[in-house]
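Each chain is listed here by its residues.
Protein chains: 2
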Amino acid sequence: MPRTHASLQRLHVEPDLSAGAMLTLGKDQSLYLAAVLRKTVGDEVVLFNGRDGAWLARLTGDSKRAVTLETVERIAPQTPPSDLWYGFAPLKTERLDYVVQKATEMGAGVIQPVLTRYTQVSRLKHDKLVANVIEAAEQCEVLTVPEVRPETTLERLIADWPAREGDRRLVFADEGEASASPLEAIRALAGEPVGLLVGPEGGFSDEERTLLHAQPFVVPVSLGPRILRADTAAVAALAVIQAIIGDWR
Amino acid sequence: MPRTHASLQRLHVEPDLSAGAMLTLGKDQSLYLAAVLRKTVGDEVVLFNGRDGAWLARLTGDSKRAVTLETVERIAPQTPPSDLWYGFAPLKTERLDYVVQKATEMGAGVIQPVLTRYTQVSRLKHDKLVANVIEAAEQCEVLTVPEVRPETTLERLIADWPAREGDRRLVFADEGEASASPLEAIRALAGEPVGLLVGPEGGFSDEERTLLHAQPFVVPVSLGPRILRADTAAVAALAVIQAIIGDWR
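Same order as they appear, the protein sequences are chains A and B. The first sequence begins at 19 in the numbering used here and counts up by one. The second sequence begins at 19 in the numbering used here and counts up by one.
Wrong hints could be hidden among the right ones.
Which copy is meant is left open, so a pair is good if it fits within one copy or across any two.
Claimed, not checked - In silico DMTMM-like links for lysine to aspartate or glutamate, alpha-carbon gap of 25 Å or less:
| # | residue 1 | residue 2 |
| --- | --- | --- |
| 1 | Lys82 | Asp46 |
| 2 | Lys146 | Glu88 |
| 3 | Lys110 | Glu210 |
| 4 | Lys82 | Glu193 |
| 5 | Lys110 | Glu153 |
| 6 | Lys146 | Glu62 |
| 7 | Lys143 | Glu202 |
| 8 | Lys45 | Glu88 |
| 9 | Lys110 | Glu226 |
| 10 | Lys45 | Glu32 |
| 11 | Lys82 | Glu226 |
| 12 | Lys143 | Glu153 |
| 13 | Lys110 | Glu156 |
| 14 | Lys45 | Glu202 |
| 15 | Lys143 | Glu88 |
| 16 | Lys110 | Glu183 |
| 17 | Lys110 | Glu169 |
| 18 | Lys57 | Asp185 |
Bear in mind the hints are in silico, worked out from the structure with no lab data behind them.
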């Protein structure tokens with residue numbers, strides 16, 4: 019992404035983007051651009067839809083109800099969607115937003131809330147999670163928007179995993195002792211589809227750990243000798259995966 | 019650390035800790051224990067001073083001005099201080115607190131604020147940073163408290179580095195292209211003392227990048243294809259170092 023466009027506002031939109039495309043934004047985005055950011059006719063923004071790359075676009079109308087835009091040129095090619103599956107136990111609301119933003123920033127392709135024994139939140143607002151993910155993608159110049167799946171329980175996730183995820187391995191951040199050093203365990207997965215599961219702040223219950231350790235597709239790893247908060251663990255574990263077998267190479 | 023003590027309040031104190039030691043806390047900690055947490059005579063807490071491990075202690079007096087304690091038994095041995103040097107460009111105040119907490123959680127031994135061209139904050143409150151580090155150590159069951167050094171400039175840091183840090187290598191998270199994949203670059207440093215430098219949100223200036231790239235002790239690495247916020251970059255880079263050559267193994 020050329021840094022000359024780094025300061026332009028980025029917006030995720032639904033319609034197809036191509037040369038000379040004309041778009042009309044909905045109420046929320048129009049209000050944001052025209053009233054909050056005070057963009058006027060001729061101002062430029064960057065648009066993306068997760069399919070067609072990043073496009074420079076110019077305002078042709080600046081009504082607070084219905085901003086209109088015309089594309090100028092494509093400024094970055096579409097990046098392939100990420101294959102990295104990320105499951106987490108939901109936290110209290112504000113840290114939930116944060117974890118979802120960080121997962122997007124770190125390149126997760128699927129974000130899966132998983133309810134566990136010690137999960138703190140049992141009813142999630144799916145629309146809000148999706149809005150957070152879109153906003154994170156806009157702010158961090160990520161051109162694909164991760165898919166946020168509806169919440170599931172750990173038991174259902176494990177039971178459905180082989181049918182749903184095929185040969186995807188599930189790296190699980192295990193607070194227990196005697197887990198493998200992540201470097202060797204993760205390097206062994208190079209070239210395979212991978213998921214990462216980070217438990218809740220209370221950790222997994224003994225029964226849950228037993229269930230996880232019993233699955234042939236599960237790879238337990240330790241995240242070090244210190245206790246990590248769930249939001250730290252999310253970034254740390256995703257970073258280690260991306261650095262060792264992911265798109266940091 | 020036995021999990022049975024996991025729910026006890028942890029306090030960093032200055033005096034030596036040994037069997038049967040008697041302590042009197044200062045005003046702030048006494049108020050916190052007696053008035054905020056409503057601890058009373060007989061209640062237990064965990065004390066640490068960064069030298070003598072973790073000690074179970076029992077309140078012998080619960081005055082809000084001067085709580086008194088007696089040690090019961092040592093419940094964890096002292097961990098060695100971390101040799102991991104962590105330098106960062108200060109952010110706006112609340113994210114500064116956050117970065118310092120995360121560095122403590124991730125096992126940094128030295129925390130060094132570095133002023134750069136695009137640094138957002140130029141006058142730091144050293145006492146406040148130290149208080150944040152102590153609080154993070156208390157909350158994350160870290161038994162050594164990282165040293166927070168007075169702020170310095172990037173130029174002074176680089177000029178003083180060989181004399182001050184000897185053969186310590188400085189891994190620098192470089193937003194530019196063509197940086198090495200971190201896995202190989204960091205693995206090559208196994209067994210050596212290492213530092214990590216994370217730049218400000220605006221990145222390093224061209225002159226600063228040139229200066230860094232010119233130093234024989236500097237190891238530039240990429241933190242992947244996405245833009246990371248400075249607090250994300252801090253955790254991500256520290257995690258990758260700890261996992262590959264640090265204490266996650």
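Verification of the hints:
1. Taking CA atoms no more than 25 Å apart as the test, Lys82 paired with Asp46 passes inside one copy only; the shortest distance there is 9 Å, against 52 Å between copies.
2. In the homo-oligomer, the alpha carbons of Lys146 and Glu88 never lie at most 25 Å apart, since the shortest distance is 29 Å inside one protomer and 50 Å across protomers.
3. In the homo-oligomer, the alpha carbons of Lys110 and Glu210 never lie at most 25 Å apart, since the shortest distance is 33 Å inside one protomer and 40 Å across protomers.
4. Within a single copy, Lys82 and Glu193 get their C-alpha atoms no closer than 50 Å, and across copies no closer than 37 Å, so neither meets the 25 Å cut-off.
5. For a Cα distance limit of 25 Å, the shortest separation of Lys110 from Glu153 qualifies both inside one copy, at 19 Å, and across copies, at 21 Å.
6. In the homo-oligomer, the alpha carbons of Lys146 and Glu62 never lie at most 25 Å apart, since the shortest distance is 27 Å inside one protomer and 42 Å across protomers.
7. With identical chains, the CA atoms of Lys143 and Glu202 are never at most 25 Å apart, being 37 Å at best within one copy and 41 Å at best between copies.
8. For the identical chains of this complex, Lys45 and Glu88 are intra-copy neighbours only, at 17 Å inside a copy versus 64 Å across copies, given an alpha-carbon limit of 25 Å.
9. Taking CA atoms no more than 25 Å apart as the test, Lys110 paired with Glu226 passes inside one copy only; the shortest distance there is 21 Å, against 40 Å between copies.
10. Within a single copy, Lys45 and Glu32 get their C-alpha atoms as close as 14 Å, which meets the 25 Å cut-off; across copies the closest is 58 Å, which misses it.
11. Within a single copy, Lys82 and Glu226 get their C-alpha atoms no closer than 51 Å, and across copies no closer than 42 Å, so neither meets the 25 Å cut-off.
12. For a Cα distance limit of 25 Å, the shortest separation of Lys143 from Glu153 inside one copy, 16 Å, qualifies, whereas the shortest one across copies, 32 Å, does not.
13. In this homomeric assembly, Lys110 and Glu156 come within 25 Å of each other (Cα to Cα) both inside a single copy, at 24 Å, and across copies, at 21 Å.
14. Taking CA atoms no more than 25 Å apart as the test, Lys45 paired with Glu202 passes in neither setting, with 50 Å inside one copy and 49 Å between copies.
15. In this homomeric assembly, Lys143 and Glu88 never come within 25 Å of each other (Cα to Cα): the closest approach is 33 Å inside a single copy and 48 Å across copies.
16. For the homomeric pair Lys110 and Glu183, neither the shortest alpha-carbon distance inside one copy (28 Å) nor that between copies (42 Å) is at most 25 Å.
17. With identical chains, the CA atoms of Lys110 and Glu169 are at most 25 Å apart within one copy only, with a shortest distance of 15 Å there and 35 Å across copies.
18. For a Cα distance limit of 25 Å, the shortest separation of Lys57 from Asp185 qualifies neither inside one copy, at 48 Å, nor across copies, at 52 Å.
Consistency with the previously given hints fails for numbers 2, 3, 4, 6, 7, 11, 14, 15, 16, 18, ordered from lowest to highest.
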